[in-house]
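Trainee: Chain by chain, the residues run as shown.
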Amino acid sequence: MSLYSRFQAEFNSVLSDTTRDPLPIAILCKSLYIFLFVKIIFLWPVLSDSDRYFPFEFRSLIHHILYAPIKLAQVDLRVFLISILILLLLAVILKVNYVTSVLIFWLSFNVSRFAYPLANGSDYVLNLFLFLSIFLSVTPVFKSKALREKQFIISNFAFLFCKIQLALIYVLSGFDKLTSPAWQSGDAIYSIVNLEFFMNPHLTIPESKTLYVVIAWIVILFELSFPVLIWFKRLRIYALAAGIIFHIAIIFMLSLPDFGVVMILLYSLFIPSRINRAAYASSLR
Amino acid sequence: MKERLTLVLFWALVLHVLIAVTFIIEPPFLRGNRLAIVYKKYLLPGPFFKDSQIIDNHSLILSWKINGAWGVPINVSNEDFARYHARLNPSDLYRGRLSYMLLLKLAKADSSVSSFKNKRGFNQLKQFLYDHYVPDEADSVSVRIINNQAENFMVRTDSVYITFAR
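Chains A and B, in that order, give the protein sequences.
Sequential numbering from 1 applies to the first sequence in my numbering.
Sequential numbering from 1 applies to the second sequence in my numbering.
Think of the hints as simulated: they come from the structure by calculation, not from any bench.
Check before you lean on any hint, since a few could be wrong.
[Claimed, not checked] Within a straight-line C-alpha distance of at most 20 Å, the following computed EDC-like cross-link-like pairs (lysine to aspartate or glutamate) qualify: (1) B:Lys117 - B:Glu151; (2) B:Lys41 - A:Asp176; (3) B:Lys126 - A:Asp49; (4) A:Lys163 - A:Asp51; (5) A:Lys209 - B:Glu151; (6) B:Lys105 - A:Asp51; (7) B:Lys105 - B:Asp139.
Input sequences plus hints: build the corresponding full structure.
Mentor: Right, here's the structure in full:
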């Protein structure tokens, strides 16, 4: 059997699995919904100022359709935000389904555009995975067996696609750093340490070129090895642990809580079902 | 039918990975290409901490004059950031980002005072300062916009002073 045939057979069996555990998808989607809920709560006090100094402008017919919820936000911000929060609460309680997934993605995308001066990498990552989560859903389920099978195939494909996309995000960042002279020499770490509005003022990093080079290469190696190691069952746990440490360091050192948290939440894509189930059961106790 | 769908999805995935790898390697003909920008923004976010994005660091020092006396200058850009680290409320971080974005609209190391005053963003920044910091009884306002460039293991500082009537 050729490598191609084996690879395709494995791919077919992953996609055709209609008995897969729905819990990982529920945990992924609902954790993203809770993240968005909390993010909106913290954005709320700043959004009216953001709209005042950076008002969103509707420039075309597509804008009027795509960003229709922003019109409501511009008329009454409180109604807009409360509506989203209620929807998110419902989505956390209900089964993951097409209707809430589509609505949440659309509204989250609108929140990001409405608050674009406040947006960072976490918003792009969140919106990408909220978009993909639309295809993860299998509720409501089709009555016809043939259609139901296709529904599961698309859902399984979307789950695999999410994993690959997460890996590609690391490859992109790692490759960019690998080819950057500033990262190779450690100069980029010097620049980051001097970013007054990112670096935690309670931390002091000794001024040492050697240290900067070491940190830069640890980051490069992590970002390039994570997307490879994560596919090997025996190494996955170590890759995930390294990733969690990496993102917690970003949260505390570089004052990017939302980015670090959303990346850690996405790791649930790679956590085996039995661990997800045990964690879920203990959270209900 | 099921087999055909999985085959289509298989090749769609292969194609997607090939396209993504092309955008990651970014051959010269794709640099600055609109499709590449949109793809990287929405489908493949990143790269994060790109070297060109971490060099410049701006700050704004504000003071105002009441009854002929200038007050103690405050670092507007730093206020919310320091508050975030004191009480760990992300709203402070977002507020700081908003003022930083207003500043970013203006800040360029080689800008002259006259070009600053003519920029559209200057009126927005002035309005922001009036709304949040400068009291009504102030008759003059002074801002110092500082640009620190940390590159090649050294920091280069440029600044522009602007004084205007309230």
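Trainee: Now look at each hint and say whether the structure bears it out.
Mentor: We went through each hint and held it up to the structure:
At roughly 28 Å between alpha-carbon atoms, lysine 117 of chain B and glutamate 151 of chain B are farther apart than 20 Å, so this suggested pair is violated. With a CA separation close to 15 Å, the supplied pair lysine 41 of chain B and aspartate 176 of chain A stays within the 20 Å bound. For the suggested pair lysine 126 of chain B and aspartate 49 of chain A, the alpha carbons sit about 14 Å apart, so the restraint of at most 20 Å is met. This hinted pair does not check out: lysine 163 of chain A and aspartate 51 of chain A have alpha carbons roughly 35 Å apart, beyond 20 Å.
Among the hinted pairs, lysine 209 of chain A with glutamate 151 of chain B is consistent with the structure: their alpha-carbon atoms are about 13 Å apart, no more than 20 Å. Among the hinted pairs, lysine 105 of chain B with aspartate 51 of chain A is consistent with the structure: their alpha-carbon atoms are about 16 Å apart, no more than 20 Å. The suggested pairing of lysine 105 of chain B with aspartate 139 of chain B is violated, with an alpha-carbon distance near 25 Å, which exceeds 20 Å.
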